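Q: Take a look at the letters that make up each chain.
Protein chains: 2
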Amino acid sequence: MSTVDKQLDEIASTITNQLPDRISVTDVTYEGPELVIYTRDPKEFARNGDLVRNLAGQLRKRITVRPEPDSLTPEADARAAVLDVIPDKADVSELDFHEDTGEVVIQAAKPGMVIGRHGSTLREITKKVGWTPEVVRTPPIESSTVSNVRSFLKQEREERRDILERVGRQIHRDQMSDDEWVRITTLGCCREVGRASFILSTPETRILIDCGDKPGSDDTPYLQIPEANPLNSLDAVVLTHAHLDHSALIPLLFKYGYDGPIYTTEPTRDLMGLLQLDYLDVAAKEGRSPPYESAMVREAVKHTIPVEYGDVTDIAPDVKLTLHNAGHILGSSVAHFHIGDGYYNVAFSGDIHYDDTRLFNGAVNDFPRVETLVMESTYGGRNDYQTDQADSEQRLIDVINETHDKGGKVLIPAFAVGRSQEIMLVVEEAMRKGEIPEMPIHLDGMIWEATAIHSTYPEYLRDDLRDRIFHDDENPFLAPQFNHIDAGQEEREEIAAGDPAIILSTSGMVTGGPIMSWLSHLGGDPDTTMTFVGYQAQGTLGRRIQNGWDEVPMNGGRGRGGTLSLELDVETVDGFSGHADRQGLENFVKTMNPRPEKVLCVHGDERSVQDFSSALYHNYNMRTFAPKNLETFRFK
Amino acid sequence: MSTVDKQLDEIASTITNQLPDRISVTDVTYEGPELVIYTRDPKEFARNGDLVRNLAGQLRKRITVRPEPDSLTPEADARAAVLDVIPDKADVSELDFHEDTGEVVIQAAKPGMVIGRHGSTLREITKKVGWTPEVVRTPPIESSTVSNVRSFLKQEREERRDILERVGRQIHRDQMSDDEWVRITTLGCCREVGRASFILSTPETRILIDCGDKPGSDDTPYLQIPEANPLNSLDAVVLTHAHLDHSALIPLLFKYGYDGPIYTTEPTRDLMGLLQLDYLDVAAKEGRSPPYESAMVREAVKHTIPVEYGDVTDIAPDVKLTLHNAGHILGSSVAHFHIGDGYYNVAFSGDIHYDDTRLFNGAVNDFPRVETLVMESTYGGRNDYQTDQADSEQRLIDVINETHDKGGKVLIPAFAVGRSQEIMLVVEEAMRKGEIPEMPIHLDGMIWEATAIHSTYPEYLRDDLRDRIFHDDENPFLAPQFNHIDAGQEEREEIAAGDPAIILSTSGMVTGGPIMSWLSHLGGDPDTTMTFVGYQAQGTLGRRIQNGWDEVPMNGGRGRGGTLSLELDVETVDGFSGHADRQGLENFVKTMNPRPEKVLCVHGDERSVQDFSSALYHNYNMRTFAPKNLETFRFK
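Residue numbers (this note's numbering), protein chains in the order written: chain A, 3 to 638; chain B, 3 to 638.
Isolated chain A, as found in the complex (with noise of 0.2 Å):
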C-alpha cells in the first residue's frame, strides 16, 4: 500500500469519526489541492453547512463532497428542480449534469443570484437534489475563447479527471528528504525583458515559474540545463500572467515531456490559450515554423488547475501557493510560495502595476510572511518616471477633441490585452460624460474577444468597475459606441471614408495586424490623428512613425507594395502603461508587510535592473541582488 493510499485511509477514518452516523462516507481521494469525499448522503452535507468546514479546517485541506451517482435525483427530474429554486433573474442559458462527478454546471448571467448569500441557493440545491452545483458566468459579450475553452474542458472530463488524481497524489506524497534549502534558478528575464523563467527549488520539489519568449528575438529560456531537466520530474508550473513574455513557450513544455499541473487565474489560463494561437498564427503568418503545434496549447489548457487570488492551494508536499492581485492585465498575480512548515516564504512579484488603474485594484503587497522577493524592474531606471494618468487622459481627450473638429478620425494602435481596455474605459467615460462628441469606437483585431474575456470574468477587475457589470449593469464594455470589426476590408473602407470616429486596432507597434490596412486607408488623410498610447520598441514600424518618418513601406495591403507617404498626424500620448513606473515599483517594496529581507531585480535592461537594485540597497537597506541568466541563489 502506497504511503498516500495509507494517508487516504486514515482521513477517512477521522472523516468517519467525525460525522454523525447517518452521513456516509463511500471513498476518499485526492484530485489535483482538493480532496474528495464521496457519500451516499449530499443532501445531508448540504442540510450541516458547517459540517465541510470543520473538516476542512481539522484536515487542513480543501474539501469538495461528491455524491455517489445512486444517490441524485435523476436528471430530468433534477433539472426541473434546479430551474425552480434559482431566482429567474439569475437568468440561466444551460445545465449541464455530469453524472460522473455528481456535479450540476449552471451557467448563468447573474453567477451571484444561483450562488445565494453566502451560498444559501448552492446548498438548497444540493438538499433538493443530491447534485453539487458549479456555477459560470455567462459571458456578456460572446467570447470564443471562453466558450471553446469550457466546450473542450467539458470534452476532456474524463481524462482531466485522471489528471487531477495523478497531481494529486503526488502533492500529497511523503517528503523524502531530511535536507532544508530553497533555491531560485534565472533561465531568463536576468538584465533583460523578456523570456520570464525560473525554477524554485527545495530538496522534495521543483517548480517551473513562467515560460515567455522575448520579444524581437529568438532567445527562449534555458530550459535545456539540468537544473529544468527532466521537465517530467518538475512537480508544476505557475503562471503569473498571460502575456506572451511570460506564457509563450509553456505548451513547449508538454512538447518535450511536462505533463503536469499549470497553476494559475482562470482568466489567464483563457488569455493564454488566446495568445499563444495568435503566437503560432503570427509565426506561421511570418513563415517562421512555430515552436510546438495547437494541440499543445490544448495540453496547456487541459493541464491547467485555476486558483483564485487569496486562495492557499497546496502544490507539492512542501510547498503552498497562493496568488494575488498584481494590477498589470487581467487575471495577473503575485505569485506567493510558503516552503515548509513556516521555513521559508518567497513572492514573485511578476508583473505589477502598483497604483490602482481604471481596470485593476493596485497589486496587493501584504503577506502573512516574506523572505525574499523576485521583483520586475522593468521601469526600475533612474528616470523612469511616467506622466500622471489624469494627465494622460486629458491629453488623450484633448486629441480626440482636436482631431473631430477637424472632421477626421483617431487612429490608436494598441495592444489587445489591457492597454485597449483602458483607453475604452476612458473614451466611454469621457463621451458618457460629454467631454468628447459622440461618435463610434471601433475595435479592430483581437481587441473585441480580449474585451470579452474582460466581461467574463468581473471579479478580478477593479471594485468599482466590478460593481457597475456585478449589480448596476452599467457594463461600460456594452456601450453602444463600441463597434467590432468584423466584416474585414469592406467595413474598414466604409468607415474610413465616414464621420469621424475612433479607431482601437492592433498590433500596438505597428508591426502587422489591421493596423496596417488602416494606415493604407487613412495614412494619406492629413484630418486623421495616429495616436501612440503605448511603448514602441526599436526597429518597430510604430517606433518610426513615432519618430516622423512620412514614407513608410507598405508590403501587400490591397494589392498595393512600394511606399505610403503619410500625411495624418501622429500624437503620442504616455502615462497608459500596466507597468509601475520606478515610483510605483518603489513603493510597492516600501510599502510591503512585510518588508523582505532579500530582493532579486529582474525582468527590466542591464540600467534598470542595475538603478533599482542599488536603490533599494542604499534607501531600504536591504540584500538586493541583480542576477544573471542561469544562476542559482540558495536561501537558507
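Hints are supplied without guarantee of correctness; some may be wrong.
The list cannot tell twin chains apart, which means a pair is met if one copy fits it or any two copies do.
Unchecked claim - With a straight-line cut-off of 20 Å between C-alpha atoms, the simulated SDA-like cross-links for lysine to any residue are:
no., residue 1, residue 2
1, LYS435, ARG470
2, LYS638, SER122
3, LYS257, LEU282
4, LYS216, ASP181
5, LYS638, ASP221
6, LYS638, ARG609
7, LYS638, ALA617
8, LYS216, GLU182
Because the hints were derived from the structure by calculation, they are not lab data. What you are looking at is a predicted structure, and each value in this text was computed from that prediction instead of being measured.
Since the structure of chain A is provided, determine the placement of chain B on it from the hints.
A: Below, chain B without anything else, positioned relative to chain A:
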C-alpha cells in the same frame, strides 16, 4: 559517418601529406586526449625525431605513434636488443611487451638513463626494434599500492583502451551550441571544510572537480541535485589531490553510473586508491556500511588519465585542463581550465601551501590567463597565522632531546600522507647533523606505505629533495634509522619496553589505528612525550589529550576495556601544516599572475571565508564571494 570519423579522416590525410612517402600511416584514432598514429614504419618515425613534434604543433594535439604488429621485431629478439641499448646502470627490473599497442614498458631504478638525453635512448630502442618504450620507475621502497595499481592496470589494458577510445571521441566531438557561458555550481565545502565538490559547466560540457567526504560528519556533496545529473553525462572528473575530503566519494560516482575519465596526477591516483581503500576499511571496522565496494575504487583507478604538471590537455571540445603544483601533498594540484578559444579561464586552487616546505615547492600561481579563482580559505580567518617553520622544527628538536635525556620515547600521532614525511625529513636531518642523538624512528600504520609512494615519484617533490633522490642516491627516506613496524603487537611491545626512540603512528587525531595501541603501551610511562604536530579536531581523543585529560577510555586494545590513566608528557608543536596560513593565502592571491577579477572563497568555516573574502576585496579591490553550497555563479 560521425563527425569525429570525418575529423580523423581529415587529420589522416593531412598527416599523410606531411610525411615523406616512405612512411606509411595505417590508421589514426583518439585515445583520451591523445591522437594515435598507427604505422608500419615506427623506425622511420624514430629516425626523424622532428616529424612527430612538427605534426603535434601543426595539429595542436598530443601525438603517440604506434607500430602495427607486423612491423615489430619479435619479442624474444627485441628483449635482448632493448637491454643491449639501455645502460646497465639504469638497473632495469622488468620488461613488459604489449603486442596490441606495440609498447614495451620498462621498469627501471633510474628511468632517466632509459630515456637518455632528450629521449635519445628511447628513440634508439624504437629504431632498433620498432617497439614504443614507456618507462616507469622501480619504487626505491617497495610500495604495495604502486605495484597493485600497476599490475591491475596491466591486467585491464584492453578495457582501458576501450575507455580511452570512447573518451577520446567524446573529447573531440563537434561543439553543438552557439551559446557561450561559464558557470560554477557549488556542491560542497562552502562555508565549511569537507566534501569538496564543484561543477564547472559550459553549454557543451560539465566537469566535476573533486568529490570528498566531510570528516566527523555524514554530509556528502550534493550529488543528487539536477545540476550533477545524470552523472553519466558528466564529461570529466578532475581531482586536485588525494585527501579524502576531496577524493573519498569519487568511487561512488561509478556506482551511480559515471563511466568517464578522472584527470589527476599519477601520485594522486595511487594515493587516492590507498586512502579510499583505507576509508572503506575504517567504515567496516566502525560497523558503518561503506557507501561503495572496493570494486568501485578499482573502477576509479581504471578510469584515471594521469596528467603531468604543466601539460595542457584537451578534456572536452571547449575545455583544456592544466594541473600545477599546489605544494600541499604529493601530487596536489591547482587545476586551471581554459574555456573556449580564449573565452574564459578559471583556476581551482584545491588545497595549497604557498611557501616551499621541506617536501614540496610552493604552490604555482602563474598562469597565461585567469579571470576567476576558486580559492581555499582553511586558514583565512583574520588571526590564522602559523608559527614560522624553522621555529617549529627547533621546538620539535628540543622536545626530542629533552625526552631522550629522560630515556623516554617521543610518540607522534601523524597523518600518513604529507605530515609524516615532513617530520621524517626534519628528524633525519637533525640526526644527520647531530642535533639529536641517533635513535630508531619507527613508522606505524600507513606511514611507511605513503612514504614508499612519495619516493616512487620524486619528480613531484621539492627540487633539492628530488635531486638528492635522483642524482646523489641520498634518498633521505631510505635512511637506516627508519623502521617499518610490520610485526604487529609483539614488535610494539618490544619497542615500548626498549631504549629511547621516536614513533610516528596513525591516526593523526588519535581516533583509531595503531596509535591506540601505542597509547596503551606508553600512556602510563612518565618518560614518554606525546607530541602533537597537526590540527586536532573538536571531539577527537587527540584534542582531549591535548586539553589535559589524563583519564582516557580504552576500548579493546589488548583485551583491556575501561580507562587508562595517562602519565606521559603532552606537547604540541604548531607550524607543520600542509595548508598556507592567512598570510600565505593572501600572498598566493597578491602575487598571482595575472591577478584574477573574481575570487570565490571556499573550503573554510563561515568566519574564515567571510574574513578572507572581505580582506581580498578591501586590500586588492577584487570582486569576491563567499558562496553557499548549492549555488550557481555565472561568469561572462
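Q: Hints first: check each against the structure and report whether it holds.
A: Verification of the supplied hints:
For the homomeric pair LYS435 and ARG470, the shortest alpha-carbon distance inside one copy (16 Å) is at most 20 Å, but the shortest distance between copies (102 Å) is not. In this assembly of identical chains, the alpha carbons of LYS638 and SER122 never lie at most 20 Å apart, being 46 Å within a copy and 61 Å across copies at closest. Taking identical chains as interchangeable, the C-alpha atoms of LYS257 and LEU282 lie at most 20 Å apart only when both belong to the same chain, with a minimum of 14 Å there against 46 Å between chains. Only between protomers do LYS216 and ASP181 lie at most 20 Å apart by alpha-carbon distance; the minimum there is 16 Å, versus 36 Å within a single protomer.
In the homo-oligomer, the alpha carbons of LYS638 and ASP221 lie at most 20 Å apart only across protomers (17 Å), although the nearest pairing inside one protomer, at 32 Å, exceeds that limit. Only between protomers do LYS638 and ARG609 lie at most 20 Å apart by alpha-carbon distance; the minimum there is 17 Å, versus 29 Å within a single protomer. Taking the shortest Cα distances, LYS638 and ALA617 never come within 20 Å of each other, neither inside one copy (24 Å) nor across copies (24 Å). Taking the shortest alpha-carbon separations for LYS216 and GLU182, only the inter-copy value of 18 Å comes in at or below 20 Å, while the best intra-copy value is 34 Å.
Figure legend: structure checked against the earlier numbered hints; hints not met, in rising order: 2 and 7.
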